[in-house]
Structure formats: C-alpha cells, structure tokens
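Protein chains: 2
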Amino acid sequence: MTRLDYHAAGVDYDALDAFKRYCQQAGAATRAALGPLGLSEPAAVRGESSYLIEAADSYLAHVEEALGTKILVADAMYRLTGKSFYRNVAIDDVSTIVNDLSTSGAQPISVSMYLATGDAAYLADSVRAKDLAEGFAEGCRQAGAAWGGGETQVLKGIVSPETLVLGGSAVGVIAPKGRRILGDVQSGDAIICLASSGVQTNGLTLCRAIADRLPQGYLTPLADGRTYGESLLDASVIYSRFITECANRGVRLHYAAHITGHGWRKLMRLDAPLVYRVRKLPVAQPVFAAIAKAAGLDDREMYGTFNMGAGLAAYVAPADVDATLAVAKAHGYDAWLAGEVREEAGRKAVVLEQLKVEFEGESLNIR
Amino acid sequence: MTRLDYHAAGVDYDALDAFKRYCQQAGAATRAALGPLGLSEPAAVRGESSYLIEAADSYLAHVEEALGTKILVADAMYRLTGKSFYRNVAIDDVSTIVNDLSTSGAQPISVSMYLATGDAAYLADSVRAKDLAEGFAEGCRQAGAAWGGGETQVLKGIVSPETLVLGGSAVGVIAPKGRRILGDVQSGDAIICLASSGVQTNGLTLCRAIADRLPQGYLTPLADGRTYGESLLDASVIYSRFITECANRGVRLHYAAHITGHGWRKLMRLDAPLVYRVRKLPVAQPVFAAIAKAAGLDDREMYGTFNMGAGLAAYVAPADVDATLAVAKAHGYDAWLAGEVREEAGRKAVVLEQLKVEFEGESLNIR
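These protein sequence lines map, in sequence, to chains A and B.
Just so it is clear: in the first sequence, position 222 is 221 by numbering that gives the first Met the number 0, and no numbers are missing.
Just so it is clear: in the second sequence, position 236 is 235 by numbering that gives the first Met the number 0, and no numbers are missing.
Among these hints, one or two may not hold up.
Same chains, same label: a pair holds when it works inside one copy or across any pair of copies.
As the list claims (entries may be wrong) - Subject to a maximum C-alpha distance of 25 Å in a straight line, what follows is the list of computed PhoX-like cross-link-like pairs (lysine-lysine): (1) 129 to 19; (2) 292 to 328; (3) 82 to 19.
Bear in mind the hints are in silico, worked out from the structure with no lab data behind them.
Construct all of the structure, not just a fragment, from the sequences and the given hints.
Dropping the structure here:
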C-alpha cells in the first residue's frame, strides 16, 4: 500500500510561507500604534501562540483561530449514521482558540464565534444548529470564559453549501503581570504531560484521507469497538483551567506547549538549545493505531504529526512536580511526570526514550 | 426588467434566525463565567455591535467580523483587468471589524486576520498576497491599532480554490470608563454624518448580481468615467480615529451608528422611541445611481439598503456640533450636520425629508 503522509494528503504548508512572511513584515510595523496608547508589544511575542499587549499592570492576550477540516468528518458521520457530533466540533473550535491563548498564561475572558456556510439551509437543521450553539457555549464554560458574540455569514460561491467554516477569537488577560508564562525553561525542569482525548484538532486532512482506505470507511470498528469516525470526533480537551489554576495556587509554569500540528516536535517550540527527554509516553488511543496502520506510518512519523495521547506539555521546576500534578488532578485532568529537560552541549531535540525516536531541532521550523 | 432586491439576490436572512437565537440563548448563560474573574457584562450589551466586558476601571471590547462576498468582486476585476484591488478589500476587512468595535467608544488596540482559501495556489500570486498583507496593515494603521497575528488556513473541500474567506477580530479598550458611548440619545440631539467612500462592505451580493445586468458587467463605465467594478472596490472609510479623537477632545458622542446593512434604517438602531429627521443627505457616489437603475430600486429601497454616501451617524448635544465637525475635519473626514433627533409622541422612525422617505421602527429588526 502507498504510504500516506501530509504532503500526499494535499496539505502543502510551504506554499503559504511567502504570504505569511508578507503578513509578518507588514504586521510588525503596526506595533508602533501601541506607544501613543500607553501600551507596548513584548519582545518576540509574534512567534508565540498568543499575541500579547503590555499595559501598566496587565497583559492583554488576543488569538484568532479556526477548526479546519474536522467539520467534514462530522458532516460525513451525520450523513452515515444520523448522529450529530456538531456539539463536539464546536467544543473543538473553542479549544483551538483558548488552548493557544492559555499557553501565554492568559485567562480567556471572551470567546467569539465565526461561522460561514455556503447556504443558510445547512443551519436550518435544528439538531445541527442547536448542537453547534450548545457546544460552543460548553467550550466557553470549560475555559471559564463568556461567549462574547460573533458573526454568522452565508457566503454563496465561496463556502460549500454542505458544510461550514468555523473559527473565532478570544481575548484574555494576564494579571498580575507575573502570571505570564515566560518560556524560561532550564536544564533540570520536569516535563508534565496532560492527556488528550484523541486526535483533537490536528492532522484531520490526513485522517479524512485514511477513511477512504479503511474497509468500512468512517464506520470501521477499532480495537475498542467504537467506529473510526466516532473516535475522531471525541471533543478536544480544553487546558485553560489547568493553566489558570496553576497560577492561582502559585505553581509557576516555565512554559506550556500545546501539542497539535507537528506532534511531539512541539515540545521544543522554544528557541533554547535544550533536549526534552521523554521517559513516559501515554497509552495512545486506539484511533492512532488505526491511522498508523492504514497510512503506513512508523512511530517517528506518528509522534512527529499527532499528539498520541498527550495534548499539553508543561515545564516546571522539579520542586513543583507534585503541586502541578495535584492541580491537574483536582480539576479532572489526567496528568503525569513524563520526563525532564536537559542541557546537552547545545543540542536541541526531543527524545522519546521508550521508542528510541529522536527529533532534532531543525525538524521543527514554525516560528 | 425584473426588480432585483435582496431576497431575489439570494440572501435569506430569516433562515439564519433560529441558529442565531440558539447562539444568543446559549451565549447569554456563559456570562456567569465573568463574576469569578472580577468582571461583569454590561446590561443589554448583547444587542450592540461590540461585546463589552466591564472591569474595575475600564471596559474591554471584543468583535469578530468578516468581509463577506466583496472578495468575489476583487477576484473578478483581477481576472478582467489584471489590476489588483486586494489591498482595498483587506482595508475593508479591517473596517468591518473596527468600525463596529468603535461604536462602543472603544479604541481598537489589536486586530487579527482570519483567512481561509480552498487552495494554497490562490496565495502563491505574489501581487495578491502582498496587497492583502499591506492592506490589512494599512487598515490597522488607520484604526490606530496593532496587527496582532492571525490564522491562515487551506480548507480544501470547504472553501472555493479560487477565492477566500477573509475575516478577523479586534480587541479594544475603553478607559476611563466614562468614554463609553452609552446610547443616551435625546430629543434635540444633532445628527452628524461622516461620508462613506461608496458601497463599502454591505449590499455586495446585490451589487454582484447587478454586474450581470450591466452592458459591460464590471467594466461598465459610470457617470464619472470610472468602471462599475472599480467603484465598488473603493476602500471603506475607517471611523475609529474620529471616535477616539472626539473622546480625546472631550466631545461626548451620545451614540454612533455604523451605516451598513439596512442602510439609513440603521440610524434608529437604539430602542428609544425617537424620530431621526435628516435634512441634509450627502451626494451619493455615481455607483449608487447605477445600482438603482439596473436593479429597478426606488429611493426608499436604496436608502433602506445602502449607505448612499454616509457611513457613520453620530448623535451629539447641539452645543457640541461645531466641536464634532472640527474633530472630523482635523482628521480628514468629510462630515456635516445632517439633521436632528426629535421626540414625536412615541413614534420611532427615520425621516429623510428631502426625499419624503420615511422608515418606521418596525422596518428594522436586528437586535
């Protein structure tokens, strides 16, 4: 069987790079607007997951994000089974927005929805419409934020009439300023991982291509008896409360990496030349074994693309490990001590010791 | 010729109403999240153009918006003439976001872009890509805000490969809290209008349908010698600086209505039973005469749909008229005293005296 990877599945990130560079260049010049308002932009924030603005006694955080193609899985499953998973994809949409925002240490306070479809009839289905609305509200509740409005558009000729674009934005606050997560990871720090619910929101283009290779497509049963499609559609975990509660209890996170696109390579998102030694991997959900088998991907490719059971990595001083795990447990997160950060002669890498998989720094180029 | 109005052009807003109601119901319940954060939601803010969150000494403002189908006009003109108007539509995108935000009195501080296309090749055109980036930055500059990141997605199977979805969000601040625009319009207030640049961002579905009726389509010359397509694509005016500078100079705006969808009916956006008597209309740009003629629409329909040359209406005490006009002039806006607000036995209406066109309150139902 032909190997199926991200490029074969039709996602060519390279072609977008020039556009993103133009945006970065044009965007950087606009920071001059902040001075006259008594505000400023923290150094190097434009490479981070959340944009920040520094005020006298707080930071404001602002993130725009969107769900991507996962909605097509929910559409297919609704057609095939009559079961609506739209509540879950709306939670996913909130998760993509607030999980990025929270990695700065910000508490999300307002989340807005953006929704566009090619035909209003798509939303005339009341099960779908209610589930989308209730899921978005549930995502906001899990994040501890208010749903602060949004925009719904019918874009005939732009968006397909049979699906939708689902995105949105969040505003958050870091106050007092000392609660900002600074990225000051150092040798000896512990790596704490928080479990994911499955694929969450990344790698869905590949996951959809795989459905065509499975004997019964989305209805193919997995090792646990659930179908492939249903497994893909488990709602993402929202990590905001964990991050906020760590700050509330005085547990200082040196950094928090949201494990999404690029999988475990995201652990080395910071520039610092450090080695992230992972000694305890989670048990990956059955959906990942199905993906690996159908796509013909090895461990290196799977862990370099998917979260494989862990959706957030947080770095803390060794003395804070127990307190961090206690916060996670108290708020219903499955968390564990996964490994440690090491200074190793200037090498930058993520090492998954159990699998003997090593990702060098140059394999991640996202900033 | 068949009359062409909004429903004939394929926009059925009614079909979206149920979904929006579900969202409003589910969203309203989430405001409970703000209390534990020491924040609150101002009364009745969910009907307004900008969501607000009240803190101890300021309000935060948050808006999610998007451009809609105007991008299709830019795509068509690029194919027909080779001339890129993408810089202008990116300014339009920023205008839809920040003009709504500013009507609360908020100064926009960060604006984020959302962009999705069906094929990365659409952005591989460097003229288009650069113009989109530079236009978005220019919009931010005009608004006095920083461009705080964003999200770019390729959504194959969801968005057309030949165009894009362009949206985004803004965060703003009202500080001190007394700068909030409260909607406390009263009988005797003056109506100040600020000029638009043409159709700006609303009514584009109808404008596109009209292109099919014109002898040379988008290339049809108008009374001023410019083409229909070029005229549609004049960049929108961004009113943020006017609103901010009024506050800076101590001019209190009782309300500011962004004249977009529903045209001049938007002047009575507030619930109050008042009559808005307009005595001086602007000279509408030639593009509006072309639309009226091609679509067979009378003054009532045109002024009830389009801005007809005025993009913002601000209400001030009579004593503040000169100061308001001076602020507008100092910052390059074309503004004039357009009329006054009257208490008339509980009637709610917009009266365009020169045209003998009257819109009663029930003709606007958008809150």
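Here is what the structure says about each hint:
{"no.": "1", "hint": "129 to 19", "in the structure": "between (35 Å within a copy, 10 Å between copies)"}
{"no.": "2", "hint": "292 to 328", "in the structure": "neither (33 Å within a copy, 68 Å between copies)"}
{"no.": "3", "hint": "82 to 19", "in the structure": "between (38 Å within a copy, 22 Å between copies)"}
In terms of the numbered hints stated before, the structure departs from hint 2 and from no other.
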